[in-house]
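In order, the protein sequences belong to chains A and B. So for the first sequence, numbering that gives the first Met the number 0 puts the first residue at 0; every next one is plus one. So for the second sequence, numbering that gives the first Met the number 0 puts the first residue at 0; every next one is plus one.
Mixed in with the good hints, there may be bad ones.
[Stated by the list, open to error] Dumping the calculated DSSO-like pairs for lysine-lysine here, alpha-carbon to alpha-carbon at most 30 Å:
(1) 359(B) with 211(B)
(2) 421(B) with 383(A)
(3) 114(B) with 383(A)
(4) 421(B) with 359(B)
(5) 383(A) with 346(A)
(6) 383(A) with 413(A)
[To be verified] Sample of chain B residues facing chain A (criterion: CB under 8 Å; computed from the structure):
(7) 34
(8) 36
(9) 132
(10) 258
(11) 264
(12) 265
(13) 329
(14) 434
In case anyone wonders, no lab produced these hints; they're calculated from the structure. From a predicted model like this one, the values you see are computed outputs, not experimental measurements. Virtual Cβ for every residue (Gly too), placed ideally from N, Cα, C.
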Amino acid sequence: MEPIIQLSERSQEALNNCVHCGLCQQACPTYTILGLEADSPRGRIHLIRGADEGSVGLSEAFLEHMDLCLACRACESACPSNVRYGGVIEEVRGQIHPQVEPRRSWLERAVRRWAFRRLLADHRKLRRLTRLLRFAQRTGADRAGARVLRLLPGHMAEMQPALPPLPKRSGRETIPPLVPARGTPRHRVGFFLGCVMDTLYADSNVASVRVLAENGCQVVTPGAQECCGAVMLHGGDAEQTLAQARHNIAAFEAAGVDAVIINAAGCGTTLKDYGHMLRDDPAWAERARAFSAKVKDLSEFLVQIGPVAPARAIDETVAWHDPCHLAHGQGIRSQPRQLLQSIPGLKLVDLPESDWCCGAAGIYNIEHFGMSMQVLDRKMEHIKDTGVGTIVSANPPCLLQLRLGAHRHGVELKIVHLVDLLDRAYGQRPL
Amino acid sequence: MDQLIEQLGQIVGPRFVLHDPDDLIAYDCDAYTIQKGTARAVVLPNSTAQVAAVVQHCHRQGIPFIPRGAGTGLSGGATPLGGEVIIGLSRMNRVIEVDVENQRATVEAGYINLKLSQAVAGDGYYYAPDPSSQQSCTLGGNVAENSGGPHCLKYGVTSNHVLGVTLVLPDGQVLRLGGKAVDTPGYDLVGVLVGSEGTLGIVTEITVRLLKKPQATRAILALFDSTTRAADAVAAITARGIIPAALEMMDRQAIRAVERGNFPVGYPENLPAVLIAEVDGLEAGLGEQAQQILDVCRECGAFEFRLAQSPEERARWWANRKTAFGAMGKLAPDYYVQDGVLPRSRLTWVLQRIEAVGQKYNLMIANVFHAGDGNLHPLIAYDHRVPGEVERTIAAGSEILAACVEAGGSISGEHGIGIEKKNEMHLVYGEHDMAVQLYLREVFNPDELCNPGKVFPTPSRCAEVKQLVASSREHT
Numbered sequence: 000m001e002p003i004i005q006l007s008e009r010s011q012e013a014l015n016n017c018v019h020c021g022l023c024q025q026a027c028p029t030y031t032i033l034g035l036e037a038d039s040p041r042g043r044i045h046l047i048r049g050a051d052e053g054s055v056g057l058s059e060a061f062l063e064h065m066d067l068c069l070a071c072r073a074c075e076s077a078c079p080s081n082v083r084y085g086g087v088i089e090e091v092r093g094q095i096h097p098q099v100e101p102r103r104s105w106l107e108r109a110v111r112r113w114a115f116r117r118l119l120a121d122h123r124k125l126r127r128l129t130r131l132l133r134f135a136q137r138t139g140a141d142r143a144g145a146r147v148l149r150l151l152p153g154h155m156a157e158m159q160p161a162l163p164p165l166p167k168r169s170g171r172e173t174i175p176p177l178v179p180a181r182g183t184p185r186h187r188v189g190f191f192l193g194c195v196m197d198t199l200y201a202d203s204n205v206a207s208v209r210v211l212a213e214n215g216c217q218v219v220t221p222g223a224q225e226c227c228g229a230v231m232l233h234g235g236d237a238e239q240t241l242a243q244a245r246h247n248i249a250a251f252e253a254a255g256v257d258a259v260i261i262n263a264a265g266c267g268t269t270l271k272d273y274g275h276m277l278r279d280d281p282a283w284a285e286r287a288r289a290f291s292a293k294v295k296d297l298s299e300f301l302v303q304i305g306p307v308a309p310a311r312a313i314d315e316t317v318a319w320h321d322p323c324h325l326a327h328g329q330g331i332r333s334q335p336r337q338l339l340q341s342i343p344g345l346k347l348v349d350l351p352e353s354d355w356c357c358g359a360a361g362i363y364n365i366e367h368f369g370m371s372m373q374v375l376d377r378k379m380e381h382i383k384d385t386g387v388g389t390i391v392s393a394n395p396p397c398l399l400q401l402r403l404g405a406h407r408h409g410v411e412l413k414i415v416h417l418v419d420l421l422d423r424a425y426g427q428r429p430l
Numbered sequence: 000m001d002q003l004i005e006q007l008g009q010i011v012g013p014r015f016v017l018h019d020p021d022d023l024i025a026y027d028c029d030a031y032t033i034q035k036g037t038a039r040a041v042v043l044p045n046s047t048a049q050v051a052a053v054v055q056h057c058h059r060q061g062i063p064f065i066p067r068g069a070g071t072g073l074s075g076g077a078t079p080l081g082g083e084v085i086i087g088l089s090r091m092n093r094v095i096e097v098d099v100e101n102q103r104a105t106v107e108a109g110y111i112n113l114k115l116s117q118a119v120a121g122d123g124y125y126y127a128p129d130p131s132s133q134q135s136c137t138l139g140g141n142v143a144e145n146s147g148g149p150h151c152l153k154y155g156v157t158s159n160h161v162l163g164v165t166l167v168l169p170d171g172q173v174l175r176l177g178g179k180a181v182d183t184p185g186y187d188l189v190g191v192l193v194g195s196e197g198t199l200g201i202v203t204e205i206t207v208r209l210l211k212k213p214q215a216t217r218a219i220l221a222l223f224d225s226t227t228r229a230a231d232a233v234a235a236i237t238a239r240g241i242i243p244a245a246l247e248m249m250d251r252q253a254i255r256a257v258e259r260g261n262f263p264v265g266y267p268e269n270l271p272a273v274l275i276a277e278v279d280g281l282e283a284g285l286g287e288q289a290q291q292i293l294d295v296c297r298e299c300g301a302f303e304f305r306l307a308q309s310p311e312e313r314a315r316w317w318a319n320r321k322t323a324f325g326a327m328g329k330l331a332p333d334y335y336v337q338d339g340v341l342p343r344s345r346l347t348w349v350l351q352r353i354e355a356v357g358q359k360y361n362l363m364i365a366n367v368f369h370a371g372d373g374n375l376h377p378l379i380a381y382d383h384r385v386p387g388e389v390e391r392t393i394a395a396g397s398e399i400l401a402a403c404v405e406a407g408g409s410i411s412g413e414h415g416i417g418i419e420k421k422n423e424m425h426l427v428y429g430e431h432d433m434a435v436q437l438y439l440r441e442v443f444n445p446d447e448l449c450n451p452g453k454v455f456p457t458p459s460r461c462a463e464v465k466q467l468v469a470s471s472r473e474h475t
């Protein structure tokens, strides 16, 4: 049969590194929950090989196994020979989703198209939606609105308790395009707003710019930037992802910065991958590579430049949840911990399996709610066992998911972004 | 729909019966990838009762079946020949009882080896047999293969730690063998079962011994400029009566693989050989034991030593060593690991023969050695896409095994015979010896439905089994 996918050289190399040893199994949330070989990284790789060779087609079984992967990349950290599986599953999804698009219901197709190509791609549309959500929250209509959400595909209604109190303004509406450094300017950096991050967690974006300024950074926030494209990428709309990439690369080129700072783990991984995504586009390949080389996670950057020691004490006990795309996707684990430990008075408690996926996996929780909740349960059991009152993380889907978890498990839990604590420790001096 | 699928679905629930070709493809082999086959179906039961019902059904219908744990086996023990029903134990992964006071635990067969040690660590105990795949492999699989591991040098292999099992016989009857005590009256049927590679029935629950964690451990690395010198050190350590908790060796190619892999230690580039030695026990006296090992290694020409300064450092060294097989993926797309046993005094000779075999067949071979008990793992790196390479690899492997036997050793230390070494059984057993083993199998598995075609070169009733397999295959 004609192969349904054609893997890039990078993916071929990744698959060549896999020798079918199976040491990835217990790192994989779907394998530990289902016990199915085909829902383990090894099994998925085996299927992908078959698809690439033409012995596996677009069967329901194949699609289900590909879709059920959280793309958490925990397997990458466990794999003896460093198989870079994350990029492979993203690429495979990007190639098979257009082929199976006709199988979806018209409603599902419409919602996906709207979500990926309108809502998230244009910050104004997302802003309108979040203003509506905020209104609903403040009037109590959101719980009633949940019933309306049930009409839509996916489990969006069940996600309603995940929403934090929405801020009045987005980061884009608050942050000046150019923010001077406090004291002697050491660096000139660009700040990436994100989409969900900037609307639902706008305060954390403002806090991020403050923290950068405190650390001697002149911060440029280009107004033309849009969503990084991660959600489209994970959802299989590769075309839209590339459109986002080109748009953002251009937006930041004009800014002339040493680094592009991102405070959301999922976005960071995608931004760092623009170079690979556009490798075959001669007009963009070099520009994309140059852009990606500048991308730094906020914690990564601060530790790299040597952070200013925060002066204000925060007398709280917290635990850190490693976002998958930070720990497994970018290898960033020690930096957030180092920054937390630098805050006077803050007590950092170890969270067992801190890098176990929370189950959000972008919008996986909407698409595969049951599995997502099972994955979340394991995380919540660990959190409950530590007895902490505050969980710290650095990725919007994780923050939403953990808040939902607290609600479902009936625990009092503050969910905060790493930068929120740093900001408080630096004194929150206005921009 | 296939009637069998429907009937199996009634036992375990339709969700847990796989029959779509794209679901079955993932089960076409275990970690021995040279041979693959297509099962008729995969069933994932959740209890001993369900396993027994499935087995009983298959037995009545004359359908062959295969037990499967994590599928990390290295000899094809869980690989279908074609048309079997695979009974996967991965959902049976619960702890039944932990009895720390009496130093034992009972778990379901799908429970992960490493998880057991983790579960009892808080009480100061652990489960000693530590195969390198322990983060994935199941205790059921360990029982089937009588798995070893680096620390089995001092503490013994799986059979030394199994007190009792719940066994589903190939006709569906459920038996409890052994018990909670170390020795039970009558024949040692547990001993017969451990290492029987799934050919005598399906183990669903296991009672194992727990050991108290040693008060202290010392881990040592000794770097050598040749495998000969390292081998001499191994022999010298043993000759002095020192029994380390573990004693492992890696050669140049193996070190190259692990250093390029995900868990590098920071060995010098191009290091010819390294010994990893560990002693454990009471704190008092450990220093002296460690010193003895250091002295021996120095006498034999080690040029550098490292002593682990922290539990984290020790863990890093072991992660590096234990991921050696998987790390072969950094050197080539495929690998084939051999499992030879040889007298420690003949190691250098065998390694030279292996190098010659590598040159003869133009294949790169890395060597990982359970130095303490003479169990050698040559890892042949190859690429199955290159025409003729698989055949050369198999031929090379065969010659290596023959060399081990010639040196006075054997063809399997711990990975089992499975499919892989059926033909080499003739090197170790005469016809009569083999016949006696087959008589025993007939007692448990008279119709040869349970994991047929494994371990022994000729099934006891060859033609009948082939017919069974073929008729089952017609339904796939």
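Cross-check of the supplied hints:
1. 359(B) with 211(B): violated (48 Å)
2. 421(B) with 383(A): violated (52 Å)
3. 114(B) with 383(A): Holds, at roughly 21 Å.
4. 421(B) with 359(B): Judged against 30 Å, a Cα distance of about 24 Å means the pair holds.
5. 383(A) with 346(A): holds (17 Å)
6. 383(A) with 413(A): Holds: residue 383(A) and residue 413(A) sit about 13 Å apart, inside 30 Å.
7. 34: Nearest chain A Cβ about 12 Å off; hint violated.
8. 36: Nearest chain A Cβ about 14 Å off; hint violated.
9. 132: Status holds, d = 7 Å.
10. 258: For residue 258(B), the interface hint is violated, since the closest Cβ of chain A sits about 12 Å away, which is over 8 Å.
11. 264: violated (13 Å)
12. 265: violated (16 Å)
13. 329: holds (5 Å)
14. 434: violated (35 Å)
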